[in-house]
Structure formats: structure tokens, C-alpha cells
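Peer 1: This is what each chain is made of:
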Amino acid sequence: MSAQFMPQFMQYLLSGLTVGAIYALVALGFSIIFNASHVINFAQGEFVMIGGMATVSLSAAEVPLGLAIPLAVAAVVLVGLALEKFAVEPARGASVITLIIITIGASIFLRGLATLVWDKQLHVLKAFSGDAPIAVAGATLLPQSLWVFGITLAIVLALSWFFGRTLLGKAMLATSHNRLAAQLVGINVRHVLLLSYGMSAALGAIAGILIAPISFTTYDVGVMLGLKGFAAAILGGLGSGVGAVVGGIVLGVAESMSAGYVSSAYKDAIALVITLAVLFFMPSGLFGKRGGERV
Amino acid sequence: MMSTLARYGITRGLAATTAVFLACAGAAFAQGQGPIKIGSVLSITGAASFLGDPEAKTIEFYVEKINAAGGVLGRKLQLITYDDGSDAEKARTFSKRLIEQDKVDVLLGGSSTGTSMPVMPLAAEAQIPFISFGGAVGIIEPVQKWVFKTPHTDRMACEKIFVDMQSRKLTRLALISGAGGFDKSMRTECLNVAKKSGVEVIADENYGAGDTDMTAQLTKIKNTAGVQAVLNAGFGPGPAIVTRNFRQLGMTVPLYQSHGVGSKEFIKLAGAAAEGVRLPAAALLVAKDLPAKDPQRAVVVNYTREYEAKFKSEVSTFGGHAYDGLMLVVGALKSAKSSDKAKVRDALENTKGYMGTGGVVNMSPTDHLGLDLSAFRMLEVKGGNWTLVK
Amino acid sequence: MRQNFASPRVGGMVALALVIALLPVGLSNNYFYDVAILVGLNAIVCVGLNLLIGYAGQISLGHAGFYGLGAYGSAILSSRYGWPPLLSMLSATLVVAALAFVVGRPILRLKGHYLAMATLGLGVIIFMVIATEDKLTGGPDGMSVVAFKIGSFALREAQLWYWVVGALLLAAVWLALNLIDSPAGRALRALHGSEVGAEVLGIDAARHKLMVFVISAVFASVAGSLNAHFSGFITPSKVTFLHSIELVTMVVFGGMASTFGAVVGAAALTVLPQFLTVLKDYEMMVFGALMMGTMIFMPRGVVPSLARLFAPRRRPEGERKPGSEGAA
Numbered sequence: 001m002s003a004q005f006m007p008q009f010m011q012y013l014l015s016g017l018t019v020g021a022i023y024a025l026v027a028l029g030f031s032i033i034f035n036a037s038h039v040i041n042f043a044q045g046e047f048v049m050i051g052g053m054a055t056v057s058l059s060a061a062e063v064p065l066g067l068a069i070p071l072a073v074a075a076v077v078l079v080g081l082a083l084e085k086f087a088v089e090p091a092r093g094a095s096v097i098t099l100i101i102i103t104i105g106a107s108i109f110l111r112g113l114a115t116l117v118w119d120k121q122l123h124v125l126k127a128f129s130g131d132a133p134i135a136v137a138g139a140t141l142l143p144q145s146l147w148v149f150g151i152t153l154a155i156v157l158a159l160s161w162f163f164g165r166t167l168l169g170k171a172m173l174a175t176s177h178n179r180l181a182a183q184l185v186g187i188n189v190r191h192v193l194l195l196s197y198g199m200s201a202a203l204g205a206i207a208g209i210l211i212a213p214i215s216f217t218t219y220d221v222g223v224m225l226g227l228k229g230f231a232a233a234i235l236g237g238l239g240s241g242v243g244a245v246v247g248g249i250v251l252g253v254a255e256s257m258s259a260g261y262v263s264s265a266y267k268d269a270i271a272l273v274i275t276l277a278v279l280f281f282m283p284s285g286l287f288g289k290r291g292g293e294r295v
Numbered sequence: 001m002m003s004t005l006a007r008y009g010i011t012r013g014l015a016a017t018t019a020v021f022l023a024c025a026g027a028a029f030a031q032g033q034g035p036i037k038i039g040s041v042l043s044i045t046g047a048a049s050f051l052g053d054p055e056a057k058t059i060e061f062y063v064e065k066i067n068a069a070g071g072v073l074g075r076k077l078q079l080i081t082y083d084d085g086s087d088a089e090k091a092r093t094f095s096k097r098l099i100e101q102d103k104v105d106v107l108l109g110g111s112s113t114g115t116s117m118p119v120m121p122l123a124a125e126a127q128i129p130f131i132s133f134g135g136a137v138g139i140i141e142p143v144q145k146w147v148f149k150t151p152h153t154d155r156m157a158c159e160k161i162f163v164d165m166q167s168r169k170l171t172r173l174a175l176i177s178g179a180g181g182f183d184k185s186m187r188t189e190c191l192n193v194a195k196k197s198g199v200e201v202i203a204d205e206n207y208g209a210g211d212t213d214m215t216a217q218l219t220k221i222k223n224t225a226g227v228q229a230v231l232n233a234g235f236g237p238g239p240a241i242v243t244r245n246f247r248q249l250g251m252t253v254p255l256y257q258s259h260g261v262g263s264k265e266f267i268k269l270a271g272a273a274a275e276g277v278r279l280p281a282a283a284l285l286v287a288k289d290l291p292a293k294d295p296q297r298a299v300v301v302n303y304t305r306e307y308e309a310k311f312k313s314e315v316s317t318f319g320g321h322a323y324d325g326l327m328l329v330v331g332a333l334k335s336a337k338s339s340d341k342a343k344v345r346d347a348l349e350n351t352k353g354y355m356g357t358g359g360v361v362n363m364s365p366t367d368h369l370g371l372d373l374s375a376f377r378m379l380e381v382k383g384g385n386w387t388l389v390k
Numbered sequence: 001m002r003q004n005f006a007s008p009r010v011g012g013m014v015a016l017a018l019v020i021a022l023l024p025v026g027l028s029n030n031y032f033y034d035v036a037i038l039v040g041l042n043a044i045v046c047v048g049l050n051l052l053i054g055y056a057g058q059i060s061l062g063h064a065g066f067y068g069l070g071a072y073g074s075a076i077l078s079s080r081y082g083w084p085p086l087l088s089m090l091s092a093t094l095v096v097a098a099l100a101f102v103v104g105r106p107i108l109r110l111k112g113h114y115l116a117m118a119t120l121g122l123g124v125i126i127f128m129v130i131a132t133e134d135k136l137t138g139g140p141d142g143m144s145v146v147a148f149k150i151g152s153f154a155l156r157e158a159q160l161w162y163w164v165v166g167a168l169l170l171a172a173v174w175l176a177l178n179l180i181d182s183p184a185g186r187a188l189r190a191l192h193g194s195e196v197g198a199e200v201l202g203i204d205a206a207r208h209k210l211m212v213f214v215i216s217a218v219f220a221s222v223a224g225s226l227n228a229h230f231s232g233f234i235t236p237s238k239v240t241f242l243h244s245i246e247l248v249t250m251v252v253f254g255g256m257a258s259t260f261g262a263v264v265g266a267a268a269l270t271v272l273p274q275f276l277t278v279l280k281d282y283e284m285m286v287f288g289a290l291m292m293g294t295m296i297f298m299p300r301g302v303v304p305s306l307a308r309l310f311a312p313r314r315r316p317e318g319e320r321k322p323g324s325e326g327a328a
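Protein chains in written order, with my numbering: chain L, 1 to 295; chain V, 1 to 390; chain D, 1 to 328.
Because the hints were derived from the structure by calculation, they are not lab data.
The beta carbon of each residue, even a glycine, is placed where N, CA and C say it ideally should be.
A hint or two may mislead.
Claimed, not checked - The list that follows gives simulated cross-link-like pairs (lysine-lysine, DSSO-like), each with its CA atoms no further than 27 angstroms apart:
# : chain 1 : residue 1 : chain 2 : residue 2
1 : V       : K103      : L       : K120
2 : V       : K341      : V       : K65
3 : V       : K310      : V       : K37
4 : V       : K268      : L       : K120
5 : D       : K280      : V       : K103
Stated by the list, open to error - Sample of chain D residues lacking proximity to chain L, with all beta carbon distances greater than 10 angstroms (derived):
#  : residue
6  : L27
7  : L110
8  : K149
9  : A167
10 : P183
11 : M256
12 : D281
13 : V286
Chain L on its own, in the form it takes in the complex (with noise of 0.2 angstroms):
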């Protein structure tokens, strides 16, 4: 039993690793839309999935991966900034439910589209560089994995990078915290909001792109990864950046070793109920801000 603990440890941990590193590029995006303009986009897990999609109907084509990966990743960018334009921009002074509830027409939308455009078999994306695991201290590791944490790290401090030394971050940021002072101070507000999507739909096509190789993509895949992503997004406090990442690598390790060490039928469910868990003690998530309610 000792002899096997760690490499059994090891396994789950890298596993839990792999997935969480998705949920945080999706939670990552759902934060950036949040900050923007206070809205969840229910959309989100369909950027993931057209990434996917595309990537993988590309590449059928034989265009090469290192091209078919920014062509899908721009047609995704399109897709959110036609949502913002088309969708939420019309329905400017709605309330945030109904705002909701048009991500979630989107949703349905771009899912129906895409059984027209492709068709609802799964699809596998060649990995980046080969199937053959790597042996990390007696567990295994898919190369793919090792470019979902190398990709996701790089986001992640390109992000902080963007919003910590950049006036155009920085700009995102003020109207975040007080929209009517950033107009104010003259920043375009509209373009800020039309960035906040492009951006966030760029971060989803690039998770759809990481996890098709690993777990295959269809026109429905981004249901699951969309709400997981949200869960993780919540857990770590919406609008933190750093909260979006760690929230979805607690998320996916939790997952992970609930399966291994508890029960794998109840996983996800005991996932769920850490997050409920930390809510009740930090009604904020793990990082979000304490905000007082305005009267």
C-alpha cells in the first residue's frame, strides 16, 4: 500500500492538474466578461467548443497545425464579437437576468449552428507532439499535458501582464470597478465591453483547442466545461484572475482525488460540495472582493 501511494498520489494529482488547468482558461473567461460588463456569459463553453471544431476541421483539410490554430482561434474571436455586437450591445440598460438568459439563447444558437456547419460526431484533434507518456516519479504523463500547463501558465502572465502594465488593461479594469467614473475619465466603454468578449472567446477556442486531443470535442462538448468552468470561476471569486485559476485547479484536483481516494460515482457531486462549502464561509469565493451592497 506505502509503496504504491505515491505514484497512485502522483497520478491523480497530474490528472487533477490537466483538467483543472482547462477549467481555469474557461473560468478565466467567463471573469474577464464578468468584469467587464457584470454579466455570465453562458455562452463561454461554446468558444470552447467551436475551437475545437474548427481546429479539427481545419486540420482535416490539412491545413498545418501551426496555422489552423490561430484561424480557429480568430473565427472564435469573431463569433464572441458578434455576440457582443448582435446580442448583448442591442439589449444595453437590460437587467443582468436577461442578459442571462440571451447568453443562454446563444448557447442553444451556436450548438444548432454547429450541428448544421459540422454535423454531432465526436471528433479527435493529432495530439501536438505524440500519445507516448512521460513517467513522472512513477505516474504517467500525455505530452498533450504538459502543453496545457505550459500554455495556460503562459496566459496566465501574459494576463497579468496586460491588466497590471498596460494602459488598455488597466482601462478594462477601471470601467470594471466603476463604469460611469471611466467614461468619465474617457474611456470607451462599448470597446472595452467588445474587447472583454473578443478576449474571452480567444481564451475558450485555445481550452477547446488544449483538451480536444485529450478528450475529443463535439458539438455539445462545451456544456459540461462551460458549467464546470463556471463552478471554478465562482469558487475562486469572479473577477479575480488569480481566483479563476486557482478555483479551477482546486475544482480539477478535487475531482480527482474524490475519485480515487472516495468514490469516482460521486466525484463531481463532492466537487460541488467543497464549492458550496467555501461559499458559506466566504460568500466572495476564494479571492473575490468583499463588496458592500449599494443601496
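With chain L's structure known, arrange chains V and D on it following the hints.
Peer 2: Here is chains V and D on its own, set in the frame of chain L:
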């Protein structure tokens, strides 16, 4: 809302009239009778769409083909299909619509067990033959007068796998199953018949819908002492992910999949990891490998060729179940020489020696499936293709 | 604005009763009855949910869980243990009320999207238990449910079900309207406007929120039990978070903070798929587009937007924005 419903009635009426008119125009008013109506509720979207999609395509294609050849009993077939979105309640409502509103003569489908079960009492009440494409043995056991089904039962799949295990002298099995209805039902049946077949289940793991990684569950199985074989009950992406994770962890015991993995898609998804995987399946998957003298060869080779030419996608056993269902109905219509529901039902029950994609069907008042274990072939993936295990 | 409430309230009740009474003229067969009954059951859930979302301003993405507990509670007690269905239903309702009461307090402390997540999590956990414990629930394939019986009288006919559900819907609407007009209802609306403001005025926000949460859970549970007995079959697909979202969509679609809007929303979204099914492959896309379009052009929901259109002389009522979480 009343006006909506009223208007709705009118539109439906118009649509129905148009459809009947078109059908009649083609049928040259054969005997002054209308078309024979086949109603079908399938899971064309939603979680079970990979069942419902090929089923719907198959039925639509063959109804057209039959009509082009003059129909059945000199009458055209009229197909009315609704998509239940893999939701049992929608399946029930749409079935009611087929019975009450569209007044169909026979019901086909229910892609899964969950969407078939609520239709069964409706069929009994309306006294209309119902052929389900659901997998679970519960659909035909106990036998219900009006209910038939075409897919092999999950219990048969378990038995077939256990027979194969015994021939390889393997007795200690680890189960890993998904969260869907098919997966759970097969898991239960395997647990039920394991002891009788001399197999001991020593690990029992699960994974959820939409899960992307099963290495945790498989690691647990790997570290369970004495596991001689692993059986994965599931369909959709799960089995392919399990197979890949299985190889990633360097597990070497034999891996069995279920008949839920009923298409080439699995091999495409799992890639090299699929090599050596065994599963029980209908001969459809190895159509071209069947010896020329195999009586089933003609039907499966034909169906494969026609389906793949029409839809440009790989044939699946699920579409095959729908093909069998439709052909059983056509056969019953012919031998009953009428579309009278009771006569068609009797004819269905007396089906003997129908050669379908699933095997030879011999129905009886105590058996509304009519397939035996020989209908299943044990297949193994070799060189990226299904091969028959000798 | 409050003065205007009285007349639409009575008028609305009469209109709804008339629709329910006259509808069977257009219901030419059991299939139409089937759809009408489902509309009624969904409407009962939505009237309750609307109290929570529309009036108390608290979102719930987990009401399918309560619906499912009501359905499965009643189904298991009556079909597995042979309890009388009415007793099973009432027991399930009590359990749901107790559960909502216990989890309500900690959950309702959360705001906006955090509350959405907590209720969603609760619903998903309930779903997982139901889908996993297959010995009791039949698992994902579902279970058969016995017919609703009171004594030796079995409720089987669709026509009978129609009148029962119609009467219950009227009762639910009447209860909701009375609650809204009671002092508690006024407190609720104050709460929706601003929780802190309401508390300053001496309103026990937590208690009121909890009360509405429990009431809405009970409505969902009763509708769930009835659905199980009416259908004779229940599967976990009615307990998924997608169904929760569907319920919220009905409320918002019809018009938040409008009880009749909730009824209209339930009717529209229950009947719509029956039309759209002819579109086959395009169904999903068209459904999504309709949802988006309606909410973009009628952001306050169908009923309030139409009411505004047809009554231009009335002061534009309810300028307060539903969904106060946006201001948080």
C-alpha cells in the same frame, strides 16, 4: 393560448393534408387507401444523439427507397419523425402526438431505454405495435403484448464477454462504467450474471458525463490486486477516453468494451490505443470480413454500402437496429396483408428467420427480441480495424 | 402603481379562469390535453419561481432539483413502498420544504451569481444522487410510477388531470397574488429594490427571502409529484441543471415580477418545441434565435412589454430594474 392551439391545429391540418395529397399523388391512389403511417420518436439531438442520428437517417432513407420501389401492399409508407432531444417526457408527449394526432399505424424507436419505457404503456393503451431501439433487457422482460425491440440486450453482451473471458481463463474482472442509462443498465446486468458465469467483479468504478480524464479511476483499478481483465460499459466519448488512459497507464490486462461502441468512430478516436480491445457486436461492423457463405453477409454488406454512400459517414450498429426495426415492420405488413394494428402485431410476433443486421430474428410470444447469443460476434481491434475473433 | 394592481389582479384571475374553462373546446384529442397539462404543471413551478426571482430578486438555478425531489419522492414512496399517492406527495413536499428551509438560510446569504452557483450546485448534487442510486430510482433510465389514486378512485383520464391541474394552477396564482399584495409582499419588493435599504426600514430580509424560497420549492415539488403520477414515468432528465435553466427562462421570457407573465412564459416555452419540431435540423438554432430575439426586443419579458404597448396611457410602471445583482 387557446387561439395559438387552434391556429396550431389548422397548420397541422394543412401540413397533414399536403403530405397525404403528395403521398396519394405518387401512390396512384392504390386501392383508394391512404399511406401506411410509421411514427418515429428518436433522440436526434441531446445526449443520445449518436444513437438517434444514424437511426433517423436510416429510417428516412429506407422509407424513401421502399416508396420509390412502389411501397408496401401497393401503398406508400408515410414517415413522421419527431426529435425528443433525449428527454423521456418529450418522447412520451411526441408518442402521444403520433398516436392521437397523426394516427400512425406503428411506432418505431425510442433510441434509448429511458425514452422507450414511458412509451410502452401508451402503446399498450392504444393497442399499437411498438418497436424500441433501447438496449436494456427490461423492455422485453417481462414480455409486453405490444412491445418489441431490435438491439441485443445488455445481458447478452455481458454473457458474451464472460464466455470469452472463460475461454481465455480469466475470472477476476474490474468494471468501469459511465453515467448514462445504457452504461448503468449494462453494469447492473453484468453484476447480476457475473456469478453465474463464474466471473468475480473485484472493482467497480464510475465516470461522469462529459468527463475528460479517467486516469484516476483506472489507477485505482491498476492497483487493485488480482485484476485479470477490465470491462468498460459505456458509449459516446467515454470508452475512447478510457481506452487511451488505459494505455497511457501502461495497463496490460485484456480490455473489453461493450456493444455501445458500435462504430468505427471508436477506433478513430482511440487511435493506436484501441489495438487489442475486444467487444461483442453485431456482424455489421465486420461486414466485409464475413465469409462468403455466411448467410448474414448479403444484408450487412448491402446496408453498409448504401448507408455509407448516402451519408458519407461510417456505418454504426445503431443505424442497423433501426434498419432491422423498419424491415421487421415491412415484413409483418406483408405477411399480415394489412396495416391493421392487431394483425401486424401478430405477424411481428410470428417473425421467423428474418435475417437482419443484428442477426437472425425468431420471435415468439415469449420472446419479443428473437436474437440469441450467436447474433453477437466477438471482435478485436487489429491494425486499426475490427476483426473477428476465431 | 400599487393602486393599479388591484384591477389587473382580479381581471387577470378571471381571464385565466376563463382560458382554463374554455380551452378544452380547442383540445380535440388527448395529445392536446397532454400538452395543456404540461403547460399547467410548468406554470405552477414558474409562478412560485417568479416570486423568488421576480419579487424577491433572488435567482435560483436549482429548482429542477426540488421538482425532481418532489417527483422521485412521490414516485418512490408510492411505487416502491406502496404508500397512497396523496400521502407520498405530501410527504415529499414536506421533505422538500424542510430541505429548502435548512439549506435556504446559508445559501440565501449569497448574492447574485454566487447564489446562482450555490443553487445550481444544490440542484446538480440532487441530480447526481437520483441518477446514481439506481436501486431506488432506476438510475438514468428512470422508473415507472403508479397512477394517482385517492381511495379507490384512480386519476387516469387526461381530461380529469386537466381540470385538477387547472384548478391547482388557479390556486397557485391566487396564492401568489395574495402574497404579493400582503405586507410580506411589500417587504419583498422593498427587498428587491435594495436589501440594505429594506433592513434599515426594519424588514427582516433573511426571513422573508427564506419564506419565498421555501414556497417556491414547495410549488416545484408539488408540480414534480403530479408530473410523475401523470406521466406514469420519471427520468432524471427533469432534474438536470438544463431543466433548471429552462424554468428560469420561462419566468424571464414571460416577464419577471408578473405572475401572469410566468404563466405565459411557461405556456410559450412548453408549446414552442411542439411547433419547432417540424424544423428538424434547424430546430435548435431557431429556438436559440427566438430566445435571444425576444429578450433583446422585450427585455422585460413578453407580458410586461405587451401590457405597456397596449396601455400607453398608464404610467410606465415598475421602472425598478429586476435582477438587482447588477448593481452589487
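Peer 1: For every hint, state whether the structure bears it out.
Peer 2: How the hints compare with the structure:
1. V:K103 with L:K120: violated (31 angstroms)
2. V:K341 with V:K65: The given pair, whose Cα atoms are some 23 angstroms apart, holds under the 27 angstroms limit.
3. V:K310 with V:K37: holds (24 angstroms)
4. V:K268 with L:K120: holds (15 angstroms)
5. D:K280 with V:K103: With Cα atoms ~20 angstroms apart, K280 (chain D) and K103 (chain V) stay inside 27 angstroms; holds.
6. L27: Fine: 29 angstroms to the nearest Cβ keeps L27 (chain D) off the interface.
7. L110: L110 (chain D) is in fact no farther than 10 angstroms from some Cβ atom of chain L, at 5 angstroms.
8. K149: holds (35 angstroms)
9. A167: holds (31 angstroms)
10. P183: Correct as stated: the minimum Cβ-Cβ distance to chain L is 22 angstroms, above 10 angstroms.
11. M256: Violated, because the least Cβ-Cβ distance between M256 (chain D) and chain L comes to about 7 angstroms, which does not exceed 10 angstroms.
12. D281: violated (6 angstroms)
13. V286: Its Cβ does come within 10 angstroms of chain L, the nearest being 8 angstroms, so this is violated.
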